[in-house]
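Visitor: When you number the sequence shown by this note's numbering, it's gap-free, plus one each residue, and the end is 128.
Just so you know, not all the hints are guaranteed correct.
[What the hints assert, rightly or not] PhoX-like cross-link-like pairs, simulated, lysine-lysine; straight-line CA separation at most 25 Å:
1. Lys109 / Lys90
2. Lys124 / Lys96
3. Lys62 / Lys96
4. Lys98 / Lys124
5. Lys98 / Lys109
6. Lys62 / Lys107
7. Lys90 / Lys124
8. Lys80 / Lys98
9. Lys58 / Lys109
10. Lys33 / Lys96
11. Lys96 / Lys58
12. Lys124 / Lys109
13. Lys124 / Lys58
14. Lys94 / Lys58
15. Lys116 / Lys58
16. Lys80 / Lys46
17. Lys33 / Lys90
18. Lys94 / Lys33
19. Lys119 / Lys98
20. Lys124 / Lys80
21. Lys62 / Lys98
22. Lys98 / Lys33
23. Lys46 / Lys96
24. Lys116 / Lys80
For the record, the hints were derived by calculation from the structure and aren't laboratory data.
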Amino acid sequence: MNNSGVVVWAMCMVLIVGIVISFIYIIVPINLKYQFNDICSDYNYKALVEGGLTVEDKNHLKERLIERGYFDINIITSNKDESSFAKSIKFIVKCKTKYVITVGLLKYKTAEGNLKYEKYSFSKKVVN
Numbered sequence: 001m002n003n004s005g006v007v008v009w010a011m012c013m014v015l016i017v018g019i020v021i022s023f024i025y026i027i028v029p030i031n032l033k034y035q036f037n038d039i040c041s042d043y044n045y046k047a048l049v050e051g052g053l054t055v056e057d058k059n060h061l062k063e064r065l066i067e068r069g070y071f072d073i074n075i076i077t078s079n080k081d082e083s084s085f086a087k088s089i090k091f092i093v094k095c096k097t098k099y100v101i102t103v104g105l106l107k108y109k110t111a112e113g114n115l116k117y118e119k120y121s122f123s124k125k126v127v128n
């Protein structure tokens, strides 16, 4: 391989590495959204089955979200004592997160995104 071949090969490798890194940074916000939805859906299910969330449940949800880097968390849901079977339950969680985005081939900046999980359903709590 002559010198020009080595230079072309090196430039191609730099380009490929840059593209791979860019794709990784594109996937990060998508993964953050899936994690957020997964955590919230666990607590939404608990709210449906138990007829709402207790203050401890809300605090635990907030702690789990903070552990994963979410902040400015707002939880709106029916309280456990207010709901009975087939009563409407609203479950809304809003928060913010920071992540890195690409703005050029190898240029990055930190962005802030708003996330929202919103579900309306009916309580499945069985009252004897």
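Visitor: Does each hint fit the structure? Answer for all of them.
Guide: So, going through the hints one by one against the coordinates:
Straight-line distance between C-alpha atoms of lysine 109 and lysine 90 comes to about 36 Å, which puts the hinted pair past the 25 Å bound. The hinted pair formed by lysine 124 and lysine 96 fails the criterion: a straight-line CA distance of about 30 Å is larger than 25 Å. Among the hinted pairs, lysine 62 with lysine 96 is consistent with the structure: their alpha-carbon atoms are about 12 Å apart, no more than 25 Å. For the hint linking lysine 98 to lysine 124, the alpha-carbon distance of about 36 Å lies beyond 25 Å, and the restraint is violated.
The hinted pair formed by lysine 98 and lysine 109 meets the criterion: a straight-line CA distance of about 10 Å does not exceed 25 Å. Pair hint lysine 62 plus lysine 107 does not hold up; C-alpha atoms about 33 Å apart against a cutoff of 25 Å. In summary, the hint linking lysine 90 to lysine 124 is supported, as the alpha carbons are separated by about 13 Å, within the 25 Å threshold. Of the supplied pair hints, the one linking lysine 80 and lysine 98 is violated, its CA atoms being roughly 32 Å apart against a limit of 25 Å.
In summary, the hint linking lysine 58 to lysine 109 is not supported, as the alpha carbons are separated by about 32 Å, beyond the 25 Å threshold. For the proposed pair lysine 33 and lysine 96, the alpha carbon gap of about 11 Å is at most 25 Å, so the pair holds. Simply put, lysine 96 and lysine 58 have alpha-carbon atoms about 17 Å apart, close enough for the 25 Å limit, and the pair holds. A distance of roughly 45 Å separates the Cα atoms of lysine 124 and lysine 109; the hinted pair therefore is violated under the 25 Å criterion.
At roughly 19 Å between alpha-carbon atoms, lysine 124 and lysine 58 fall within 25 Å of each other, so this suggested pair holds. For a cut-off of 25 Å, the pair hint linking lysine 94 to lysine 58 stands: about 13 Å separates their Cα positions. With a CA separation close to 16 Å, the supplied pair lysine 116 and lysine 58 stays within the 25 Å bound. Restraint check for lysine 80 and lysine 46: satisfied, since their Cα atoms lie roughly 10 Å apart, inside the 25 Å limit.
For the hint linking lysine 33 to lysine 90, the alpha-carbon distance of about 20 Å falls within 25 Å, and the restraint holds. With a CA separation close to 12 Å, the supplied pair lysine 94 and lysine 33 stays within the 25 Å bound. With a C-alpha separation of about 24 Å, the suggested pairing of lysine 119 with lysine 98 holds against the 25 Å cut-off. Taken as a hint, the lysine 124 and lysine 80 pair is honoured in the structure, with Cα atoms around 12 Å apart against an allowance of 25 Å.
For the suggested pair lysine 62 and lysine 98, the alpha carbons sit about 17 Å apart, so the restraint of at most 25 Å is met. A hinted pair counts as satisfied when its Cα atoms are at most 25 Å apart, and lysine 98 with lysine 33 qualifies at roughly 11 Å. Of the supplied pair hints, the one linking lysine 46 and lysine 96 holds, its CA atoms being roughly 23 Å apart against a limit of 25 Å. Pair hint lysine 116 plus lysine 80 holds up; C-alpha atoms about 22 Å apart against a cutoff of 25 Å.
The structure shown violates the earlier hints numbered 1, 2, 4, 6, 8, 9 and 12.
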